[in-house]
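Once you've looked at the hints, dock chain B with the ligands against the given chain A.
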Amino acid sequence: MTDLARIRNVAIIAHIDHGKSTLADRLIERCGGLQKREMTSQVLDSMELERERGITIKAQTVRLAYRGSDGSDHVVNLVDTPGHVDFSYEVSRSLAACEGSLLVVDATQGVEAQTLANAYQAVDHDHEIVPVLNKMDLASAEPDRVKQQIEDVIGIDASGALEVSAKTGQGIETVLDALIARLPPPAGDADAPLTALLVDSWYDPYLGVVILVRVVHGRLTPRTKIRMMASGAEHEVERVGVFTPKKTLVDSLGPGEIGFITAAIKDVADCEVGDTITAVRRPAAEALPGFRPSVPVVFCGLFPVDSNDYERLRESLAKLRLNDSSFHYDAESSPALGFGFRCGFLGLLHLEIVQERLEREFGLDLVATAPSVVYRVTLTDGQELSLHNPADMPDPSRIRRIDEPWIHATILVPDEHLGGVLALCEEKRGEQLDLTYAGNRAMVIYRLPLNEVVFDFYDRLKSVSRGYASFDYRLEDYLESDLVKLAIMINGEPVDALALIAHRSQAERRGRALCVRLKELIPRQLFKIAIQAAIGGKIIARETVSPLRKDVLAKCYGGDVTRKRKLLEKQKKGKKRMRQIGNVEIPQEAFLAALKMGES
Amino acid sequence: MTGEPEPSSAGAQQALALYVHWPFCLSKCPYCDFNSHVRESVDQARWRGALLRELDHFAALLPRATVNSIFFGGGTPSLMPPETAAAVIDGAAARWTLATDAEITLEANPTSTEAARLEDFRTAGVNRVSLGVQALDDDALKFLGRGHDVAEARQAVALAQRIMPRSSFDLIYARPGQTVGAWRDELSEALSFADNHLSLYQLTIEKGTPFWRQARDGAFALPDDDTGRALYDLTQEIMEAAGFAAYEVSNHGRGGDACRHNLAYWRYDDYVGIGPGAHGRIAPAGEGRQATRQHAAPESWLAAVERAGHGTAETRSLDPDEQAREMLMMGLRLAEGVSEARLKGRTGCEPDRVLDRDGLTRLVEAGYLERRDGRLRATAAGRPLLNSLLIELLV
Ligand SMILES: Nc1nc2c(ncn2[C@@H]2O[C@H](COP(=O)(O)OP(=O)(O)O)[C@@H](O)[C@H]2O)c(=O)[nH]1
Ligand SMILES: C[S@@+](CC[C@H](N)C(=O)[O-])C[C@H]1O[C@@H](n2cnc3c(N)ncnc32)[C@H](O)[C@@H]1O
Ligand code: SF4
Ligand SMILES: [Mg+2]
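So the protein lines, in turn, are chains A and B. Residue numbering for the first sequence follows numbering that gives the first Met the number 0, beginning at 0 and increasing consecutively. Residue numbering for the second sequence follows numbering that gives the first Met the number 0, beginning at 0 and increasing consecutively.
Check the hints yourself; a few may be wrong.
Cross-link-like lysine-lysine pairs, in silico, DSS-like; alpha carbons within 25 Å at most [what the hints assert, rightly or not]:
| # | chain 1 | residue 1 | chain 2 | residue 2 |
| --- | --- | --- | --- | --- |
| 1 | B | Lys206 | A | Lys569 |
| 2 | A | Lys318 | A | Lys246 |
| 3 | A | Lys554 | B | Lys206 |
| 4 | A | Lys166 | A | Lys245 |
| 5 | B | Lys27 | A | Lys572 |
| 6 | A | Lys537 | A | Lys569 |
| 7 | B | Lys27 | A | Lys554 |
| 8 | A | Lys575 | B | Lys206 |
| 9 | B | Lys343 | A | Lys565 |
| 10 | A | Lys571 | B | Lys206 |
| 11 | B | Lys27 | B | Lys206 |
| 12 | B | Lys27 | A | Lys574 |
| 13 | A | Lys554 | A | Lys565 |
| 14 | B | Lys206 | A | Lys565 |
| 15 | A | Lys518 | A | Lys554 |
Computed Cβ-Cβ distance ranges for the label pairs, DEER-style [stated by the list, open to error]:
| # | chain 1 | residue 1 | chain 2 | residue 2 | range |
| --- | --- | --- | --- | --- | --- |
| 16 | B | Thr99 | A | Lys575 | 29 to 35 Å |
| 17 | B | Asn195 | A | Asp364 | 50 to 56 Å |
| 18 | A | Asn307 | B | Arg371 | 33 to 39 Å |
| 19 | B | Arg315 | A | Asn307 | 44 to 50 Å |
| 20 | A | Leu591 | B | Asp224 | 21 to 27 Å |
For the record, the hints were derived by calculation from the structure and aren't laboratory data. Note that beta-carbon positions come from the ideal geometry of N, C-alpha and C, so glycine has one too.
Just chain A, same shape as in the assembly (with noise of 0.2 Å):
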């Protein structure tokens, strides 16, 4: 157990890329947490994926022993934040286990949406905030520029702001300085019931679950008896420890600090984020504030290419959901795509780095159907159901009214790029809330449907705004809709994988439109082949794909049926790869054509 007064927590918060976790290692280096040939570079993202795409996504910590220049000795408790709004409840709970913030920003770049999404955040939870200006070794760097951006746009002192370079290692004492100097020591009662924050949980496939957590009040010690206070799950706790950042184990962990306990437990589904630990003996009358459990926000279909990786898709996505209970999954059939499952995510970013996780570490072929967000739909029996899965959709007749959702969104982007930003939100159903500008760049806030962003509007941001947008939100209420489905038939065949949920206003166009990106992606065959949309019944669009005129080798190759023999069965393998509906065979591509769907 650690003296109060001598522990400082600090979250690290930024918008993606601005350093975050290059800085974090520039701490833990010079804090001697590792030698210099253990640091691999961005020592917390422990993960490949997460490696790879520079996204925290699990929260990371790690406890560091500073001596100050003053002689003092500290214990820094620094925690790495998920650094994309998919995960804003996770980051939420990553600040609720610190008392201050480290807000780093790009020295060159400035304030972007998830700067100010995270910075008010920090906000909220009454954090001392360190604003930190990094790659100050660029020429580019305009540091008061961004200091004057910072307290023009977030409304932060930013006057004690540091100059850093996480690259060069420009600084860093100054930041480990400012953090004891400036930051609160936690307060709490080693003597009052156990109350823990569970900050995050993920599978270790040989201690069995491991939860970051952040002691409150009393004390974790091994063969605490502990129960979930959320969830009700209770366990023995068997390892009590702290990451260094190697995980180090310790007698126990008291008010104030942050480590993780082991418990033998098999299922991170009882480990919910932000769930209150307590001991089974002496529980605490109250639970800590803000756990919410994590609901799903889009949901699409996943299924095998190849029909026989059915088991292994069920197989992986099970081993992944054991370090990530903040996915769903339901086995689901659809009569062109077979069976597969239908899961839910906490977003986009969320949706593809599992997709992503299944390709690559389970070498998994897959097909993704368009995803979709949650509708709330009533009955004219008065019964309410969620829908997901458009191919769920009640009869019209059957509808008193659906609700959806929409969000609060906060988009960054320089000047010149405004006007095509400004139309896409219009075009998506947007409705413009403010417009401020912070220099040469302007800040919007819009409320728009869920819907409509999970559809192209990350593609289309990117491309109107040339990469330079950045952008952020929050989820905010269900609204009435007049909402429609659009139904794709081939040769007079729904296709339940193709099928969309579109709002009345929108449904026409997106249906031509996909009629006609589908003729470009199914390739002639030997049949006529007839694309159609329909809404409630109405033929809106068709187009045709002629049959195939001319598909035969010219030449012989003397005797060689081998040749011949070896061409053919390539292209029956090609086939394969397609999925089959009546007698019309659709590539792949098609599928995805929904998803990835630009409205030119």
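Below, chain B with the ligands alone, put in the same frame as chain A:
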């Protein structure tokens, strides 16, 4: 056309076709991906010896056979010394029975030098020649990288027709920019001096050839599928009107003329292939049907033969299903299609074992395929789509 042989009974004389590959050319045409190579010089005596040694090798495997056809293909076999052709023909006759009416074809490039040797090839025993005329347009011949012009080719054809009992020539159509009208004129001109046989191939871009790279880089574009099909349809129309109905996708004969050797491939008869890269389908006594493939690189083949007595790189047994699939793949190229009884007899496989029932039904309903009188055949509408048909049809 010659009649289709009946299934042979075991122990009797086997019917055999003999393919001889000559892998050398004077220069490499930019569209060609055949096993052809340019060499400064060729040690003719060694090559002759090696071909004969391979004959020995296969004769030992297939001691009792009647050879109904020999085909010298290439490469450019008209560059080979006529004595070599003579040695192979005599060699085959010495080791096997050479049918008295055996068809002996030589592929020849229609240049004046090669034409000059046709007399000697005739003396060697060659009785049919197939000339690579390719186009009747000097610009097109240049584009195709050919070493002859139209006048030279026409002289070669005329000479071949005088010297050889039978002759044929090849044209490549659906060339970049070729219009339906231009092809109509070219084909009509070809018919005006053709013997009883023509091979008409649509230009195919083969991976790895200079044309493939040029097409990929946009230097030229082939006619699109619709134009390709229009050119194909026009070809059928003109050729039928002239009495040269197609007996195979790209081959046309008048009055029943057909390349008997190529028919052996399409009917899935047994054939021996010697020379670099040659393929064979043979059934040695006591063994099932096998696919043979000789080393493709000329020097490796030569070295292998001199070392081991043969240049076989691979011998693979084909199970009945594989044989049936191969027989269908080849046989559906023919207008006559495939006899189901013969399929069963030659491969031991019931046709339905390798046919996708739903696919077959769909294809028959669509008019692409016919199954009647014990035969399976692609219709005129189905033949230009044969690849797709086979993918649907074969399991
Ligand atoms: N020049 C320079 N580059 C830096 C500095 N800090 C980070 N970077 C680079 O910026 C990129 C993003 O850094 P990273 O730490 O992954 O950012 P994160 O997404 O906030 O974790 C990487 O290419 C780093 O090498 C710095 O101080 N100077
Ligand atoms: C073995 S090849 C060549 C024989 C001989 N060396 C010649 O060039 O005349 C037989 C025929 O195949 C045809 N051929 C070769 N490559 C072709 C291609 N890429 N596309 C269409 N036909 C081709 C030509 O008509 C050629 O005459
Ligand atoms: S001459 Fe014939 S075999 Fe030789 S490269 Fe040209 S097309 Fe090919
Ligand atoms: Mg990072």
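Results for each hint:
1. At roughly 15 Å between alpha-carbon atoms, B:Lys206 and A:Lys569 fall within 25 Å of each other, so this suggested pair holds.
2. Restraint check for A:Lys318 and A:Lys246: satisfied, since their Cα atoms lie roughly 23 Å apart, inside the 25 Å limit.
3. A distance of roughly 14 Å separates the Cα atoms of A:Lys554 and B:Lys206; the hinted pair therefore holds under the 25 Å criterion.
4. For a cut-off of 25 Å, the pair hint linking A:Lys166 to A:Lys245 stands: about 23 Å separates their Cα positions.
5. Note on B:Lys27 and A:Lys572: the hinted pairing is violated, with a Cα-Cα distance of about 33 Å set against a maximum of 25 Å.
6. With a CA separation close to 40 Å, the supplied pair A:Lys537 and A:Lys569 exceeds the 25 Å bound.
7. Restraint check for B:Lys27 and A:Lys554: the C-alpha separation of about 18 Å stays at or below 25 Å, so the hint holds.
8. A C-alpha spacing of about 23 Å is found between A:Lys575 and B:Lys206, which places the hinted pair at or below 25 Å, so the restraint holds.
9. Between the alpha carbons of B:Lys343 and A:Lys565 the distance comes to roughly 23 Å, so the proposed pair stays at or under 25 Å and holds.
10. Taken as a hint, the A:Lys571 and B:Lys206 pair is honoured in the structure, with Cα atoms around 19 Å apart against an allowance of 25 Å.
11. With a C-alpha separation of about 15 Å, the suggested pair B:Lys27 and B:Lys206 falls inside the 25 Å cut-off, and the hint holds.
12. For the suggested pair B:Lys27 and A:Lys574, the alpha carbons sit about 35 Å apart, so the restraint of at most 25 Å is broken.
13. Between A:Lys554 and A:Lys565 the alpha-carbon distance is near 16 Å, which keeps this suggested pair within the 25 Å criterion.
14. In summary, the hint linking B:Lys206 to A:Lys565 is supported, as the alpha carbons are separated by about 15 Å, within the 25 Å threshold.
15. The straight-line distance between the Cα atoms of A:Lys518 and A:Lys554 is roughly 31 Å, outside the 25 Å bound, and the hint therefore fails.
16. Against the hinted window of 29 to 35 Å, the Cβ-Cβ separation of B:Thr99 and A:Lys575 comes to about 50 Å, which falls outside the hint.
17. Our hint of 50 to 56 Å for B:Asn195 and A:Asp364 holds, since their Cβ atoms are close to 53 Å apart.
18. Taken as a hint, the range 33 to 39 Å holds for the pair A:Asn307 and B:Arg371, whose Cβ atoms sit roughly 38 Å apart.
19. Checked against the hint of 44 to 50 Å, the pair B:Arg315 and A:Asn307 fails, with Cβ atoms roughly 27 Å apart.
20. Distance hint check for A:Leu591 and B:Asp224: the Cβ-Cβ separation is about 25 Å, which falls inside the suggested range of 21 to 27 Å.
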